[in-house]
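Visitor: Residue numbers (the working numbering), protein chains in the order written: chain C, 1 to 289; chain Z, 1 to 332; chain A, 1 to 318.
Please keep in mind that the hints were generated in silico from the structure rather than gathered at the bench. Glycine included, every Cβ here is placed at the ideal spot set by N, Cα and C. Heads up, some of the hints might be wrong.
[Said to hold, decoys possible] The following label-pair restraints were derived from C-beta to C-beta distances: (1) 60/Z <-> 234/C: 49 to 57 angstroms; (2) 15/A <-> 171/Z: 50 to 58 angstroms; (3) 190/C <-> 118/A: 37 to 45 angstroms; (4) 171/Z <-> 118/A: 37 to 45 angstroms; (5) 131/A <-> 68/C: 38 to 46 angstroms.
[Claimed, not checked] Not close to chain A: a few residues of chain C, all C-beta gaps over 12 angstroms, as computed: (6) 190; (7) 204; (8) 243.
So the chains spell out like this:
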Amino acid sequence: MSVAQLTAGRARPALVRRVAGVGVVTAVAVAICALLTAVAILAPLLAPHDPNAVDPLHAFAPASGAHPLGTDDTGRDLLSRLIAGARPSLAGPALVIVASTTVGAFLAIAAAWRGGWLDATIARLLEVLFAFPGLILAVVAAAVFGAGFVAPVVALSIAYVPIVARVVRTAALKERALPYVAALQVQGASGWSICVRHLLPNLLPLIVVQAAIGFGYAMLDLAAISFLGLGIQPPSPDWGVMIAGGQPAILDGNPQQSLYAALTVVVAVVSFNLVGERLARRFRIEEQG
Amino acid sequence: MSALLEIEHLRLRLPIEGELRTAVHDVTLDVAAGEAVGLVGESGSGKSLTARSIMRLLPAGAEVEGEVRIGGASLAHASGRELRRLRAREVAMVFQDPRAHVNPVHTVGDFLTEGLRRTRGVGRAEAERRAVALLREVGVDDAPRRLRQRPWELSGGLLQRVTIAAALAAEPRLLLADEPTTALDVTTQQEVMAILDEQRRERGLALLFITHDLELAGAVCDRIAVMYAGTIVEQLPAAALHREAAHPYTAALLAARPALSGERRPLAAVPGRPISAFEIGSGCPFASRCPRAEQRCRDERPALRPVGAGLAACHFAEAVHAARTPEESLDA
Amino acid sequence: MPIALFVGRRLAALVATLLISSVAIYGALAIAPGDPAASLAGGSLPNPQALAQIRAEYHLDDPFWTQYWQWLSGLLHGDLGRSIVFRSDVADLLSGRIANTLLLVAYAATLIVVAGVGLGLLAALRGRRVNQLVTVATTVAMGAPTFVMAIVLIWIFSTKLSWFPVYGSGDGLADKLWHLTLPAVALSCTWVAYVSQVTRASVAGELRSEHVETARGRGLPNAAIVRHHVLRNAAGPILAVSGLTVAGLFAGTAVAEQAFGVNGIGSLLIESAAKQDLAVVQILALLMVGAFVVVNTVVDVATALLDPRLAERQGATA
Numbered sequence: 001m002s003v004a005q006l007t008a009g010r011a012r013p014a015l016v017r018r019v020a021g022v023g024v025v026t027a028v029a030v031a032i033c034a035l036l037t038a039v040a041i042l043a044p045l046l047a048p049h050d051p052n053a054v055d056p057l058h059a060f061a062p063a064s065g066a067h068p069l070g071t072d073d074t075g076r077d078l079l080s081r082l083i084a085g086a087r088p089s090l091a092g093p094a095l096v097i098v099a100s101t102t103v104g105a106f107l108a109i110a111a112a113w114r115g116g117w118l119d120a121t122i123a124r125l126l127e128v129l130f131a132f133p134g135l136i137l138a139v140v141a142a143a144v145f146g147a148g149f150v151a152p153v154v155a156l157s158i159a160y161v162p163i164v165a166r167v168v169r170t171a172a173l174k175e176r177a178l179p180y181v182a183a184l185q186v187q188g189a190s191g192w193s194i195c196v197r198h199l200l201p202n203l204l205p206l207i208v209v210q211a212a213i214g215f216g217y218a219m220l221d222l223a224a225i226s227f228l229g230l231g232i233q234p235p236s237p238d239w240g241v242m243i244a245g246g247q248p249a250i251l252d253g254n255p256q257q258s259l260y261a262a263l264t265v266v267v268a269v270v271s272f273n274l275v276g277e278r279l280a281r282r283f284r285i286e287e288q289g
Numbered sequence: 001m002s003a004l005l006e007i008e009h010l011r012l013r014l015p016i017e018g019e020l021r022t023a024v025h026d027v028t029l030d031v032a033a034g035e036a037v038g039l040v041g042e043s044g045s046g047k048s049l050t051a052r053s054i055m056r057l058l059p060a061g062a063e064v065e066g067e068v069r070i071g072g073a074s075l076a077h078a079s080g081r082e083l084r085r086l087r088a089r090e091v092a093m094v095f096q097d098p099r100a101h102v103n104p105v106h107t108v109g110d111f112l113t114e115g116l117r118r119t120r121g122v123g124r125a126e127a128e129r130r131a132v133a134l135l136r137e138v139g140v141d142d143a144p145r146r147l148r149q150r151p152w153e154l155s156g157g158l159l160q161r162v163t164i165a166a167a168l169a170a171e172p173r174l175l176l177a178d179e180p181t182t183a184l185d186v187t188t189q190q191e192v193m194a195i196l197d198e199q200r201r202e203r204g205l206a207l208l209f210i211t212h213d214l215e216l217a218g219a220v221c222d223r224i225a226v227m228y229a230g231t232i233v234e235q236l237p238a239a240a241l242h243r244e245a246a247h248p249y250t251a252a253l254l255a256a257r258p259a260l261s262g263e264r265r266p267l268a269a270v271p272g273r274p275i276s277a278f279e280i281g282s283g284c285p286f287a288s289r290c291p292r293a294e295q296r297c298r299d300e301r302p303a304l305r306p307v308g309a310g311l312a313a314c315h316f317a318e319a320v321h322a323a324r325t326p327e328e329s330l331d332a
Numbered sequence: 001m002p003i004a005l006f007v008g009r010r011l012a013a014l015v016a017t018l019l020i021s022s023v024a025i026y027g028a029l030a031i032a033p034g035d036p037a038a039s040l041a042g043g044s045l046p047n048p049q050a051l052a053q054i055r056a057e058y059h060l061d062d063p064f065w066t067q068y069w070q071w072l073s074g075l076l077h078g079d080l081g082r083s084i085v086f087r088s089d090v091a092d093l094l095s096g097r098i099a100n101t102l103l104l105v106a107y108a109a110t111l112i113v114v115a116g117v118g119l120g121l122l123a124a125l126r127g128r129r130v131n132q133l134v135t136v137a138t139t140v141a142m143g144a145p146t147f148v149m150a151i152v153l154i155w156i157f158s159t160k161l162s163w164f165p166v167y168g169s170g171d172g173l174a175d176k177l178w179h180l181t182l183p184a185v186a187l188s189c190t191w192v193a194y195v196s197q198v199t200r201a202s203v204a205g206e207l208r209s210e211h212v213e214t215a216r217g218r219g220l221p222n223a224a225i226v227r228h229h230v231l232r233n234a235a236g237p238i239l240a241v242s243g244l245t246v247a248g249l250f251a252g253t254a255v256a257e258q259a260f261g262v263n264g265i266g267s268l269l270i271e272s273a274a275k276q277d278l279a280v281v282q283i284l285a286l287l288m289v290g291a292f293v294v295v296n297t298v299v300d301v302a303t304a305l306l307d308p309r310l311a312e313r314q315g316a317t318a
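Here chain C stands alone, though its shape is the one from the complex (with noise of 0.2 angstroms):
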């Protein structure tokens, strides 16, 4: 049986089951995503109290009207931190993308496009950046410059620049070598122009995907950095450093801040996770298509 006549037979039945079936999970992944984004954006409009109110007689109150989470262990408003702690924790990650992306899709086509000597250089460049573990390079980027929210995320930027640089050489070469490179280039067309107007446009889907892809573990290796006290510092509300902070409470039987805070960041985590794995495998079969 071949291909051609298996998908032939299978283009009306399929349509329906991506919309409905398949789709609602991703669906639900992107709704999480999208409320996210707007609660970080919008978070000083939506918290219902000062995220940095404390009022240390009603720690750890119970879930009330007032409080619909609770409190934390200096009586803070919990629902009011998580929110407040959108923007830190979305931003970080996002920063740490777009500076990563940029840097490491430009590094790989111009290794691409070059080659040589250039590309071999940046080979080992990206060789060696490989060996710090992001996390290794926030730590010791946050003892230089001293803990908080700016070091870990340039750290994590460079830490992640390899990654993605390694997936768009790759890509960047075979489409190099795809005939209407040689075309433009016999037209008198500057490499420059190539790069920018024809190759980097037909690797942007690509460079997406990983950025979307890269945002999940941007998100958790930050949210790592300051549940160990290098990121952003308490009392700023911030996810991992609310998680840490209510770490002893625990103990006592008051787990609430440690376990919301927690949970928030793994829905976060997963939803991010599973829509750049939509992307990325609806990318592959345009890519086939």
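Once you've looked at the hints, dock chains Z and A against the given chain C.
Guide: Chains Z and A only, in chain C's frame:
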């Protein structure tokens, strides 16, 4: 000659996207010892699946109905152990793409001796000796060195000879060859076909040769069965192929081959595309593309019946048979 | 001998990467804002005499490459430097803790390989039901990073069950293993899921391959087919992923140790980073990067030995 391989009303259904779809409708075919039968058809006709059904090399969820017997022993209903015995000793298969079908992480010698060592208990040294002898028989030179090499170090033609040698190592009575030369260049094709033919004669093997190349089958086989959309539409002796074709599809295939001599004509192609078994309705599978088709063809599926030198499944088989040339037989 | 050439190349790459990494790590001191001597003192500002002493001891007035060379040659001779913040030799700080970390990493690695590969094999070889079960379980586990698992485990085992101690590293091997169980589980969770998914996919892919069809067509028993044609061929990606995960463990151990209060070099790294004690951070970072690179190289060589085609291909492009 009594039949070594007997296929009776073989029907195969495969799970495609959750549904069971028919891939082979109804195949009845015999192959006698020492006889070469060509199973010819286009992509999607079900010829490869028929061969695989004989050995039950089918994907999970496949459903087989009907009977397949080799030397009287049922293959279709054999238990796991019996099936393995039959595969190890009675039937062997040569596949289309040797590169995909030979495990690249093992040596050629491992590939050749594995069957003997694991299913017959033959010792390594003896197995290698036999492997070297077999390689020489199929025309592979420098055989001992080849045993130490890895599959990717051999050319396609050479590797295909190796797979043929491996198939013969089991000393089967039936050899299934699934498009063994399609992946090779023309010169190598001829060499490999010659080897298959020679081995078949020397060992008295029954050979089922699957191909899309009608002329090749005609040159190599004793009998030809033409498949379309999961059924056999014609069976006839190879010698009678050009003169006595009785089915419009066979005639169309013959007419489509460009003539190397004679006046130049536009290429005759068959309109439409070859359909799969699960796409046909209640009538003749070829009706939608047949120049002779009438309403009766669309309503009633013709049965395979004796016409001329063989069997044909067509309501108008006599007329097709009576025509002088394939082109003529296509004129309604 | 392509294998020998391949191994040679990888070893050379290993050394090169380590050297360049060490320069980068040492360079961290140079790019730190402010006075390097003050940085080494851990951000606290001692009197000018002490600063001068530090400068002399660490050769901070020498050109960069001289400093670097002093540091590197000291390292190679076993002198790991001195932590001003902790007031002791770095080597002493390490000696107590390195055993705990190695034990934790080994424990987690064992869990990953055994559970990960095991689950993957089960899913691929034991039919649809098992496959679905394992897939669901691993998808959930993938969403549980170390620090999240740590919190969950701490919550369960400090308030609900008391099978394992939640904090500390214990004394003596058996006690240590008991204490390190929860950290090892937290550390290995996502990796187990990842490895099992890769294993499943690789084995399932091999089961469908044409050369397995050939083996089946020869009447080989199922066990023999799985052993000789499926596992060996599927091993490549599995090994590569396992190698990556073990290497990644060296980084993840910092989180696990910190969360569970284990006295290892991971928690030492975090502590000294928080105190901005660069002397210690540099050594530990180099150690972790070194371990990461060494494990990756070992995995690459092992993969090439398993499947000689890779040695040819990689040897040509490396």
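Visitor: If we take the beta carbon of residue 243/C, is the closest beta carbon in chain A still more than 12 angstroms away?
Guide: Per Cβ check, residue 243/C is inside 12 angstroms of chain A; nearest 6 angstroms; violated.
Visitor: CB of residue 190/C to CB of residue 118/A, is that within 37 to 45 angstroms?
Guide: Check failed, 56 angstroms falls outside 37 to 45 angstroms.
Visitor: How does the Cβ-Cβ distance of residue 171/Z and residue 118/A compare with 37 to 45 angstroms: does it lie in that range?
Guide: Holds, at about 40 angstroms.
Visitor: Okay, residue 60/Z versus residue 234/C on CB: inside 49 to 57 angstroms?
Guide: Roughly 56 angstroms apart at Cβ, these two residues keep to the hinted range, so it holds.
Visitor: Against chain A, does residue 190/C hold up as non-interface, every C-beta pair farther apart than 12 angstroms?
Guide: holds, 29 angstroms
Visitor: Was residue 204/C rightly flagged as not at the interface, with every chain A Cβ beyond 12 angstroms?
Guide: holds, 27 angstroms
Visitor: If I claimed the Cβ atoms of residue 15/A and residue 171/Z lie 50 to 58 angstroms apart, would that claim hold in this structure?
Guide: For residue 171/Z against residue 15/A, whose Cβ atoms are near 56 angstroms apart, the range 50 to 58 angstroms holds.
Visitor: Does the Cβ-Cβ separation between residue 131/A and residue 68/C fall within 38 to 46 angstroms?
Guide: holds, 40 angstroms
Checked against the numbered hints listed earlier, the structure breaks hints 3, 8; every other hint is satisfied.
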